[in-house]
Amino acid sequence: MRSPRHETGPPDLTTPEGFGAFYEEHIDAVLGFVTRRVADPHLAADLTADIFLAAMGSAGGYRGHRGAPVAWLFGIARNVLSGHARGLARESGALARLSGRRLLDDEDVAALEERIDAQRAFRDLAERHAALSEPLRAALDLVVVDELTPAEAAQALGVTQATIRVRLHRARRALRGPDSLAEPQLEAAR
Numbered sequence: 013m014r015s016p017r018h019e020t021g022p023p024d025l026t027t028p029e030g031f032g033a034f035y036e037e038h039i040d041a042v043l044g045f046v047t048r049r050v051a052d053p054h055l056a057a058d059l060t061a062d063i064f065l066a067a068m069g070s071a072g073g074y075r076g077h078r079g080a081p082v083a084w085l086f087g088i089a090r091n092v093l094s095g096h097a098r099g100l101a102r103e104s105g106a107l108a109r110l111s112g113r114r115l116l117d118d119e120d121v122a123a124l125e126e127r128i129d130a131q132r133a134f135r136d137l138a139e140r141h142a143a144l145s146e147p148l149r150a151a152l153d154l155v156v157v158d159e160l161t162p163a164e165a166a167q168a169l170g171v172t173q174a175t176i177r178v179r180l181h182r183a184r185r186a187l188r189g190p191d192s193l194a195e196p197q198l199e200a201a202r
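Start counting the sequence shown at 13; every next residue gets the next number (our numbering).
Source of the hints: derived by calculation from the structure; they are not laboratory data.
All C-beta atoms in this analysis are idealised placements derived from N, C-alpha and C, irrespective of residue type, glycine included.
There could be a bad hint or two in this list.
Cβ pair distances, simulated, as ranges [as the list claims (entries may be wrong)]: (1) Gly76 <-> Gly32: 18 to 24 Å; (2) Leu116 <-> Met68: 20 to 26 Å; (3) Tyr35 <-> Gly73: 24 to 30 Å.
Use the sequences and the hints to build the structure in full.
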């Protein structure tokens, strides 16, 4: 799923109408990004909310000429998920406290569980390619799974297009190794 490019300036996240339109346009892409990476519906909802809050706070930093809003949002999402992982490493009890919350009604939980179940095959694939370094995994995920162009992935990661292409080559070569995924399984994940 691709979003149109907004060349005229940052998304208008300062008004309820502007934020609502931006949210509706991008919520499916962000939820897909998050549910491919986490299995808990409460955590998925929390992280998605954090991503949009972070987007509101940094809307002035969006540069439309550098890429699509979804690439910008995926960059924010990676930072939010990385920050969450760092927080869990610092505080082992954080996950228990977060998963014990009852922030969603049963209908919301059911909808998120359906989404999470739909992404289970990706999570299994992600576990099998976890041996890749973070820079290689990030490049591969943004281009193959999240369907960004190499240019958009470069923007989201803050690197050059040449760097992304090298990372993609190395990641795909590593995945073809004897202890990793076979090429047909990689193709199925595209």
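Results of checking the hints against the structure:
1. Between Gly76 and Gly32 the C-beta distance comes to about 20 Å, which sits within the given range of 18 to 24 Å.
2. Roughly 21 Å separates the CB atoms of Leu116 and Met68, a value that falls within the hinted 20 to 26 Å.
3. Under the hint 24 to 30 Å, the C-beta atoms of Tyr35 and Gly73, about 18 Å apart, miss the expected range.
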